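Engineer: Protein chains in written order, with the working numbering: chain A, 1 to 114; chain B, 1001 to 1112.
Hint data in this document are derived by calculation from the structure and do not stem from the laboratory. Take these hints with a grain of salt, some might be off.
[As the list claims (entries may be wrong)] Simulated restraints, written as ranges between beta carbons of each label pair: (1) H82(A) with P1061(B): 32 to 42 angstroms; (2) K68(A) with E1070(B): 36 to 46 angstroms; (3) E1062(B) with E64(A): 33 to 43 angstroms; (4) T55(A) with S1082(B): 43 to 53 angstroms; (5) R1009(B) with E15(A): 26 to 36 angstroms.
On a predicted model such as this, the values are computed, not experimentally measured, just so you know. Note that CB positions come from ideal geometry on N, CA and C, so glycine has one too.
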Amino acid sequence: AQSVTQLGSHVSVSEGALVLLRCNYSSSVPPYLFWYVQYPNQGLQLLLKYTTGATLVKGINGFEAEFKKSETSFHLTKPSAHMSDAAEYFCAVSDQAGANNLFFGTGTRLTVIP
Amino acid sequence: EAQVTQNPRYLITVTGKKLTVTCSQNMNHEYMSWYRQDPGLGLRQIYYSMNVEVTDKGDVPEGYKVSRKEKRNFPLILESPSPNQTSLYFCASRAASRNEQFFGPGTRLTVL
Chain A
1 AQSVTQLGSH
11 VSVSEGALVL
21 LRCNYSSSVP
31 PYLFWYVQYP
41 NQGLQLLLKY
51 TTGATLVKGI
61 NGFEAEFKKS
71 ETSFHLTKPS
81 AHMSDAAEYF
91 CAVSDQAGAN
101 NLFFGTGTRL
111 TVIP
Chain B
1001 EAQVTQNPRY
1011 LITVTGKKLT
1021 VTCSQNMNHE
1031 YMSWYRQDPG
1041 LGLRQIYYSM
1051 NVEVTDKGDV
1061 PEGYKVSRKE
1071 KRNFPLILES
1081 PSPNQTSLYF
1091 CASRAASRNE
1101 QFFGPGTRLT
1111 VL
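For reference, chain A alone in the conformation it holds in the complex (with noise of 0.2 angstroms):
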């Protein structure tokens, strides 16, 4: 079974930190990864996401994550903090292509402090 973990519901950053949001994973077999962000008033909307090959995925955004099998994270970062990045964050787990379901984690909402 899958199942996500997302440390950390509310997370706040001054405009031009560093964001990072973290996720940790659990499945009994290789996942398949993904970052969402809502907007307010808004539906999800994928920001990226990792199947096979490169651990270090880059998304939109100025969004990047990075795989780490050893560590079961998938953590989210972005260099600078922009305003317009203020949002809920969700990650989310799947097992395989094609497979029903997604495992969402219960979010990060994300403060950008000017």
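Starting from the structure of chain A, add chain B where the hints point.
Structural biologist: This is chain B only, laid out in the frame that chain A set:
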């Protein structure tokens, strides 16, 4: 524009009054799914459909029904809504062989 649409976006209703939330996608995706989002719980799957006339329960199906008569549409039906179904609902779709799901804008439902 490729998208998933949901209607209504906001709905306030009373206990026991049947309602339907519509979901439509224009990407010819085989797979569609409904989630509910609650504070501190993330997104939990209600029902999913692998294709027309093929539906199955997700993690929290109690109190909900779905149908998939056409590929593009996947309505969510609450026959007798209760206050514990007050939530934010998302419809999603994806192609059969892909993991990337596309989400609708959400429907905020309040049951009084």
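Engineer: Run the structure past the numbered hints and jot down the numbers of the failing ones, going up.
Structural biologist: Result: no hint breaks.
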